[in-house]
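Protein chains in written order, with full-length UniProt numbering: chain A, 1 to 493; chain B, 1 to 461; chain C, 1 to 216.
Worth double-checking, as some hints may not be accurate.
Covered, in the sense of this in silico footprint (three residues per stretch, anywhere, with C-beta under 8 Å from a C-beta of chain A), are these stretches of chain B [to be verified]:
no. : region
1   : 363-374
2   : 386-399
3   : 413-422
It is worth saying that the hints were derived from the structure and are not from the lab. Here a beta-carbon is modelled for each residue, glycine too, at the ideal position from N, C-alpha and C.
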Amino acid sequence: MAESIQQILTLSSELHNSRSLSKNDEDRHIYELVAVLRRSSHSILGEISLTNLSASEHTLPFLFALLYQVDLVRNRTGSSLPNDIEPGGWLWLRAVQFLGSFNGSQVSHVGREWCQLVQVFLFVAENTSKPFLAVRVLSKAILRMNRTQNTFDPLHPGFLRLCLLSKAYRYAIPILDRQISILPSSSESRDRSDYMPGSDDHAADRKSEATSTHGQLTHKDVAQYYLYGAMIYMALKEWDKAEHWLIIVISLPVANSVSKIMVEAFKKWVVVSLLKHGKIATPPRIISSHVMKIYQTVAKPYLSLADAFEKCDEQRLHNEVKLGRPVWRADLNLGLVDQLFEAYNLSLVLKLGRAFSALTTANVAEKASSSLNSAIRVESYVASLAMSGVLEARLLHLRVGQNSTMLRFPASMRSCAARRNGLRVELMDRGQALEVLSRGIRECNTDLGMGHESIDLVMKRQGWSAIMKNGMTKVNADDVVLGVEEDIMGDVS
Amino acid sequence: MSVHAQDPPKFELESYIANYTGRTRYNRLYVIGTCSSYLAVEALKAAVAEAKSGKDVIRYERAVRALAEVAPNDPEATLDTHWVDHMQKVVKAETDRLEHELKGYKNNLIKESIRMGNEDLGQHYHLIGDLTSASKAYSRMRDYCTTPTHIVSMLFKIINVAIERGDWLSVQSNVHRLRHLQTKQDEQAKVQPKLSTAMGLSQLHSGSYLDAANSFLNTDPGLGDSYTEVLTSNDVAVYGGICALASMDRDELQRRVLDNNSFRNFLELEPHIRRAIAFFCNSKFRSCLEILEAYKADYLLDIHLQRHVHTLFTRIRTKSIQQYLIPFSRVTLDSMSKMFAPGTGTGTGTDSGQQSPPIDLTSPFVQELIALIQDGTLDARIDLEHKVLIANQVDLRTEVQEAVLDSLADYVREAHIRMLRTNIVRAGLEVRVDDKPREMRSKRSDGHGSATLSRGSGLFQ
Amino acid sequence: MEASDFSQAQLAAAISSAATPSKLYDTLSPYEEEAYLLSFQEDRPVELLSHFYAAYFFSHLLTDQIYEARFLTKRMPQDLLHTDNSLQNCVTLLRAIWQHKHESVYKILRESPWPDLLKPIVQSYDTYFQDKTLREVSRVYEAIRPAAAASYLGLDPESTARGDTAAIEKLIALGWTRDEQSGLLYPKPIADDSQKDARSYTDLSQIMALIGSHRG
């Protein structure tokens with residue numbers, strides 16, 4: 001069969017203008033085009049001119065031609081990083097153009113090629129030390145690629161890594177904020193790949209397709225993704241989310257051994273927990289005791305640091321921080337640990353707020369840490385906390401020409417209406433989270449119930465308990481949604 | 001034992017010790033001698049004399065040594081080596097004789113003789129201060145007891161030794177054993193008061209003050225002076241009263257202590273305890289605390305109470321403060337400190353109400369309040385601006401709403417983790433020692449931890 | 001990156017035409033990659049880069065993204081950051097904001113030699129910062145010494161303390177009161193209803209209706 005560019009472009013145009021096509025027809029068209037493109041000889045792909053082609057209109061031909069050109073250049077120069085693909089090179093610019101405007105639903109049918117392209121992109125950005133150049137483009141591209149799905153993609157960790165390397169954390173947020181809960185399965189149930197929805201005719205093809213896309217997914221990718229995500233939240237000081245993500249890593253299911261990433265996450269979790277709560281939170285019960293024991297042995301310095309913090313032993317805290325400096329540095333947690341002093345001061349002030357409803361800044365200076373040893377320092381510190389909303393406190397200058405300041409911790413600063421409003425907003429947020437969650441649980445449940453094979457598999461791997469737990473969760477979810485909301489409403493009325 | 005009493009006690013040593021019999025006399029004298037600076041010489045001299053009248057060489061030596069520390073020039077502070085040598089020989093001979101006799105009885109297999117042989121041996125060991133051997137010997141009687149009376153007498157002997165040893169677990173288990181014994185009604189009535197007090201002592205020592213109070217309160221006034229080898233009825237009144245004060249609220253105190261007809265008999269022996277409790281019930285906390293404070297030196301010299309005085313007094317004080325606050329939503333620190341800390345700061349004129357002592361953060365009473373607030377005993381906050389203590393107002397609605405939101409958030413988090421976990425297991429991605437092909441890993445950048453990121457720690461500064 | 005219209009003129013137009021700070025931020029952020037790429041060139045347009053990064057930095061501040069602003073200073077070409085005066089001033093400003101040193105913030109904003117192109121944006125941040133601080137001070141302080149208020153709000157502390165009527169009038173116009181005897185100012189909290197979420201009301205009323213029908 002001799003295909004020509006013309007034929008390819010015609011097919012592609014038809015697709016582009018196929019608004020009236022049914023979902024099935026569209027899939028069939030795409031499949032046809034993909035088949036043609038995959039069969040196409042090099043000469044044909046080489047003839048497609050990327051300069052004149054619109055990536056949004058001819059998404060698929062553009063992608064194949066682009067990959068072909070990348071291969072070509074690499075083979076010609078014998079280098080994996082030829083000038084043309086480097087940032088600023090013409091192929092790089094084409095790739096950026098493609099990632100900025102491709103048609104998501106078409107690309108979702110060619111997972112393998114998409115992955116290839118993104119991997120080239122990630123590779124180039126990281127190895128030319130210009131990670132920033134890829135971040136924004138990729139962030140948008142990933143969002144476009146699966147707008148509604150919360151499926152784990154092997155490219156996710158690589159992308160987060162780039163965000164961390166380039167310090168461009170903002171671009172990671174939209175991707176992090178979509179709670180990922182689906183992981184493409186590695187074995188029998190691989191055909192449930194989310195890149196390949198569509199008619200059943202091509203099930204076999206889809207299967208092989210999906211396999212090649214996800215073949216490389218390992219437990220490290222998952223752990224890395226969540227650790228990187230936590231680090232991004234940490235950088236933005238979103239301790240709540242950071243803590244949750246770290247907990248995900250430290251409670252990952254373990255077959256036989258704890259991974260290095262998990263240990264690192266545990267260390268970070270200890271510090272984050274101190275920063276957030278002023279003490280070590282109780283670790284989730286889901287972590288088995290032998291795993292916990294491993295953590296406790298390898299993270300000794302961190303735990304002893306936490307002990308000093310919890311016991312409000314300032315001198316010891318200083319010593320621990322100083323002594324452990326090589327450890328924190330080696331673990332790249334120095335900056336995190338250094339924030340403990342700030343958190344320590346905050347927890348002292350919060351503690352005072354629980355014991356006093358009013359006292360002077362001079363009183364605080366008597367009770368507080370060495371870094372807050374004068375009334376003036378206390379005032380500026382407390383004022384900054386109160387002004388940024390971290391602390392509910394009010395200040396009252398007593399006299400002109402003197403430094404005496406009264407510090408009040410009112411029972412509640414917000415009016416009743418404001419508080420109610422705050423509650424409403426929070427309730428909405430929780431409601432949304434629950435909705436996302438229950439959707440995930442429903443999907444998960446259907447999947448689990450789908451075939452005996454998968455159930456058998458889970459049974460073999462986890463014993464019955466895992467399934468039982470899952471079943472319970474589902475039931476509880478319904479209860480909570482109904483029960484809780486009714487309670488709250490009853491109160492409001 | 002680090003208890004030390006500086007102030008002179010209210011009791012008179014001679015008449016005090018006359019109330020007791022048996023080995024507890026020496027023990028009490030020794031405690032008073034080593035803990036009171038006021039009575040040291042007198043008590044230790046009495047202890048030396050007490051020891052010398054018995055057979056226990058070791059306690060004699062101990063008493064002499066203690067006396068030598070406080071009164072080195074006293075003639076009694078030198079060891080009577082002649083007496084010691086002589087007594088050691090006597091004791092040795094007696095021990096050998098009793099052991100030998102027992103062996104003989106055992107060979108003859110006469111139950112009653114074996115029982116009595118063990119009893120004699122136990123008694124002997126007890127007298128010479130070898131408490132371990134004594135309780136072993138008594139325990140061996142068990143298999144040879146033929147009547148309930150035998151068992152009762154054996155168990156009491158074990159309990160008495162255990163009290164002296166401070167083996168409170170053994171006291172409790174043997175008291176239980178005695179209680180479950182089927183005995184005659186009148187026998188029971190004779191045994192009950194002793195059992196209750198022994199139980200009370202063990203509970204006092206293990207720090208369960210409410211249980212101790214209950215045990216003492218249930219003691220039958222028939223106790224009289226039947227148990228003077230351990231304690232007197234006065235002791236029951238003091239121990240019971242103080243434990244009750246430390247562990248019961250006002251209503252309970254009124255109902256179960258003051259209105260308790262049988263315990264009233266004990267309280268009449270120690271009227272100040274009765275007064276203290278009555279003051280507490282009438283919310284006259286200061287008077288109550290003042291009485292207790294006045295008798296503190298006595299209690300610090302009591303062999304059983306001394307180690308608990310501090311804790312018990314603190315509890316009573318804390319409870320007074322709590323009870324005092326109940327009816328108020330805010331109280332001036334001034335009036336509180338008049339009630340609970342008279343004489344501290346500059347507030348010497350406690351009743352005049354004229355001068356207001358400058359209460360601030362440094363005054364010990366405020367420090368005490370802070371500690372109480374921080375450990376959660378008091379649900380209030382201090383306002384140093386207006387010098388008042390403000391009870392925290394409970395906004396039940398907000399609290400419930402917040403609790404609901406919190407548990408909702410917890411639920412979402414936990415469910416997310418569990419769901420993820422299920423999916424990970426389903427996808428076969430559990431963490432394991434890697435069994436994936438090598439080349440796949442080498443393709444990925446090494447290490448995999450964040451440690452490979454060339455990201456400085458500057459991120460968080 | 002595609003459009004190579006990244007120029008001094010373009011930047012000026014973007015700054016002057018942006019209706020709101022967030023629009024400005026949206027306009028500027030796509031240019032960052034190009035600027036980044038440009039910074040690796042031998043003959044890089046130093047002035048353009050400096051202006052762009054400074055403007056972009058301020059657009060972060062104006063949209064209250066202080067952490068991001070800080071990361072921006074870490075992302076920019078570090079050699080440029082260390083040699084360029086405007087960017088150095090940005091870093092000093094960031095530090096002052098971070099440490100809540102209000103006086104220094106105003107000083108840097110008002111006394112540093114900002115290039116003409118940036119002046120409007122610097123000015124608008126001055127206003128923004130002053131407004132924000134005013135709101136916070138009104139919320140947090142129940143009584144405040146005039147000098148302290150002045151230093152928070154970037155007014156002249158000395159003349160305010162002496163009782164400069166103009167400055168105090170301004171505050172009194174906002175509803176603050178002044179106690180003649182003590183000389184203290186009593187701020188009036190500014191109602192902040194920006195958080196109102198209309199959505200929550202409609203949703204809640206639906207749920208309430210549902211419960212009502214259940215009960216009936």
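So, going through the hints one by one against the coordinates:
1. Coverage of the region 363-374 of chain B by chain A holds [criterion: at least 3 residues with CB-CB distance below 8 Å; count 3].
2. Counting residues of the region 386-399 of chain B whose CB lies closer than 8 Å to any CB of chain A gives 7, which reaches the minimum of 3, so the coverage claim holds.
3. Residues of the region 413-422 of chain B with a Cβ under 8 Å from some Cβ of chain A number 10, which satisfies the need for three, so the listed coverage holds.
In this structure, none of the earlier numbered hints is contradicted; all agree with it.
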